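Visitor: The lines below spell out each chain.
There are 2 protein chains.
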Amino acid sequence: MSDLTNRQIVLRRRPHGLVAPDDTELVVAPAPRPADGEALVRMTYVGIDAAARTWLNDQPGYLPPVALGEVVRAAGIGEVVETRCDAYAVGDVVTTLSGFQEYAIVRDDVFCTPVTDGVDQLAVMSIYGPTGATAYFGMHDIGRPKAGDTVVVSAAAGATGSVAGQIAKIAGARVVGIAGGPEKCRAVVEDFGFDECVDYRAGDVPAALKAACPRGVNVYFDNVGGPILDAVLGRLAAKARVVLCGVISSYLTGEHPGPANYVNILAKTATVQGFNALDEWGRFDEAFAALREWEKQGLLVHRETVYEGIESCVDALNGLFTGANIGKMLVRVG
Amino acid sequence: MSDLTNRQIVLRRRPHGLVAPDDTELVVAPAPRPADGEALVRMTYVGIDAAARTWLNDQPGYLPPVALGEVVRAAGIGEVVETRCDAYAVGDVVTTLSGFQEYAIVRDDVFCTPVTDGVDQLAVMSIYGPTGATAYFGMHDIGRPKAGDTVVVSAAAGATGSVAGQIAKIAGARVVGIAGGPEKCRAVVEDFGFDECVDYRAGDVPAALKAACPRGVNVYFDNVGGPILDAVLGRLAAKARVVLCGVISSYLTGEHPGPANYVNILAKTATVQGFNALDEWGRFDEAFAALREWEKQGLLVHRETVYEGIESCVDALNGLFTGANIGKMLVRVG
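Those protein sequences? They're chains A and B, same order as listed. The opening position of the first sequence corresponds to residue 1 in full-length UniProt numbering, with each subsequent residue numbered one higher. The opening position of the second sequence corresponds to residue 1 in full-length UniProt numbering, with each subsequent residue numbered one higher.
Treat the hints as calculated values from the structure; they're not laboratory data. Note that the coordinates shown come from a computational prediction; the quantities given were computed from them, not determined experimentally. We treat Cβ as the ideally placed atom computed from N, Cα and C, and that holds for glycine. Just to be clear, a hint being listed does not mean it is correct.
Label-pair ranges, simulated between beta-carbon atoms [said to hold, decoys possible]:
(1) B:GLU286 / A:ARG303: 31 to 39 Å
(2) A:ARG303 / B:GLY17: 47 to 55 Å
(3) A:PHE321 / B:ARG144: 48 to 56 Å
(4) A:ALA20 / B:ALA324: 52 to 60 Å
(5) B:LEU26 / A:ASP204: 43 to 51 Å
(6) B:GLY298 / A:HIS16: 39 to 47 Å
(7) A:GLU25 / B:GLY17: 52 to 60 Å
(8) B:HIS16 / A:ALA211: 13 to 21 Å
(9) A:GLN59 / B:ALA289: 58 to 66 Å
(10) B:ARG144 / A:ALA89: 41 to 49 Å
(11) A:GLN59 / B:ALA324: 40 to 48 Å
(12) B:PRO182 / A:PRO214: 50 to 58 Å
(13) B:GLU286 / A:HIS16: 49 to 57 Å
(14) B:ARG201 / A:PHE321: 55 to 63 Å
Just so you have them, the derived chain B footprint on chain A, three or more residues with Cβ under 8 Å [claimed, not checked]:
(15) 94 to 107
(16) 293 to 305
Using the sequences and the accompanying hints, generate a full structural model.
Guide: What follows is the structure, given as structure tokens:
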């Protein structure tokens, strides 16, 4: 194990907008050696989440910014190849906050979970990890859809939105997605089973929402913020619940117009709630059990968009902002 | 009773901005006669609320717009002078949705409450009516301040804000008001007992809020929306609760910029909730009992700004938007 090389994507300069070629550097280093209480994991997939882009900005968040010279932060899944602790055996599959690199050290901490029941690794990244937990807690705890509700989900073809919308369908709601372009809208309806999908690139989103949601919007699961959030606020039904899960429209620059229709939060006596699934860490088992049961019953599907090789991580990350993925964006490593 | 005259303020034209002289007309008509099941009330005070201005716009709300030719809608308090029902006796003091007029017909409906326990009529308008209930339910149910919290209240010198802030003080919070001008700020601190008051006319509100709320804002009770809401969203503490009670900054024109700091609702996993106290009608007794107990203990005071004569109703209404009132704005009738 001593002569493994580890290819890493390291932050060199803070990006403005999409990540530019000189913002990161591919560094080839020896793989780290596990100390006592640690294990070495060879990554299978690195997960590409919009949150990773926010960590490149020099702004406070629920995690600190990635420092210049550090590996770009990301969650991934891989296999233990060397161990110096009791928690993990060689061959164990674990998820961890690996970053954009081929090998990572794991310890028995919050971001490292052994995957022991034979679940497919793609399913872990899409459902039985933070992405699925985010969809579950946002929709189940905050959205609380019931039969007959109209539920709208933005970034509906994305990793979180596609799962969130399916959870609302399972609850008996009419579910309307918002996505960009005909291919995604087709996937939202045909693959993920939404009732309808509004193509925000096709033009007048408020008019399309009015047509799709004639009785207003009872639950909105928002991944994007910006003008689409504004449009949905303009269609809220009385006592609506708005789940703020992401603000991808502002992640590239940190700039964003405010939604003028915020006055509807008052007029419709609605609730807008931001959340972070990590606050519910102690209930992840609950989420995964529910999701697993639905998947077994054929009520919940997942899709992934997979790029190849650690060197494609930045392209994959940029792709989240240019609409390149359906389902979870992943990079297959090694 | 047959030759009583009733002076009424009738809507003639929908106002833009402040109500202009030709937007309303003072009409002198015979006082209405009560039918079976009704009583005639001679108004003592007409309450002047910002909501009344919204009802003059041709926009849907929780009540329909006032039609052209109708008396301007408002809540008031008065004394029964003629009765043809069992519910009210001559001499009873009742609150009702009287409108801007000197006499009103009451029926046993949701907006008409007999005031039977000798409570001062000014106190009813300030505390033991929809204004006090609004402050109570917004702060008690949604804001839920606890000892050590920092609570911010906008329009803090106003009818609702002054009561809401006192409720937060009773809960043990540090309470910071926002008001316009030194006279109001003095009243907020000296009369209503807030810990501090930010004068939004004095300049940099975000900087003043930062100084007044160094650990962030746990609860924000908002009566104004607009740039002040935006500034407070920029100072939210983790898990903050924002109570949307009013959007007075948008009532005159219906136009309003959105708050760019809405992204903080996600970043701070905060909750923003709009509410209408009338939804809690069945719990008004709970609110009034709590408020009464606090008033008896000397923990809750009320103030009023009183204009004279029904003809001053429009000036009083405009005054809400130009900063003319401390405490509840009322017009004394007759």
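Visitor: For every hint, state whether the structure bears it out.
Guide: We went through each hint and held it up to the structure:
1. B:GLU286 / A:ARG303: 31 to 39 Å: violated (51 Å)
2. A:ARG303 / B:GLY17: 47 to 55 Å: holds (53 Å)
3. A:PHE321 / B:ARG144: 48 to 56 Å: violated (38 Å)
4. A:ALA20 / B:ALA324: 52 to 60 Å: Roughly 56 Å apart at Cβ, these two residues keep to the hinted range, so it holds.
5. B:LEU26 / A:ASP204: 43 to 51 Å: holds (45 Å)
6. B:GLY298 / A:HIS16: 39 to 47 Å: Given a distance of about 58 Å, which is not inside 39 to 47 Å, the answer is violated.
7. A:GLU25 / B:GLY17: 52 to 60 Å: Between GLU25 (chain A) and GLY17 (chain B), where Cβ atoms are some 58 Å apart, the hint holds.
8. B:HIS16 / A:ALA211: 13 to 21 Å: Violated - the Cβ-Cβ distance for HIS16 (chain B) and ALA211 (chain A), about 31 Å, lies outside 13 to 21 Å.
9. A:GLN59 / B:ALA289: 58 to 66 Å: violated (47 Å)
10. B:ARG144 / A:ALA89: 41 to 49 Å: holds (48 Å)
11. A:GLN59 / B:ALA324: 40 to 48 Å: holds (42 Å)
12. B:PRO182 / A:PRO214: 50 to 58 Å: With Cβ atoms ~51 Å apart, the hint holds.
13. B:GLU286 / A:HIS16: 49 to 57 Å: Once the Cβ atoms are compared, 54 Å apart, the range 49 to 57 Å for HIS16 (chain A) and GLU286 (chain B) holds.
14. B:ARG201 / A:PHE321: 55 to 63 Å: Once the Cβ atoms are compared, 41 Å apart, the range 55 to 63 Å for PHE321 (chain A) and ARG201 (chain B) is violated.
15. 94 to 107: It is violated: at least three residues are needed, and the region 94 to 107 of chain A offers just 0 whose Cβ sits closer than 8 Å to chain B.
16. 293 to 305: violated (count 0)
Of the numbered hints given earlier, the model fails hints 1, 3, 6, 8, 9, 14, 15 and 16; all others are met.
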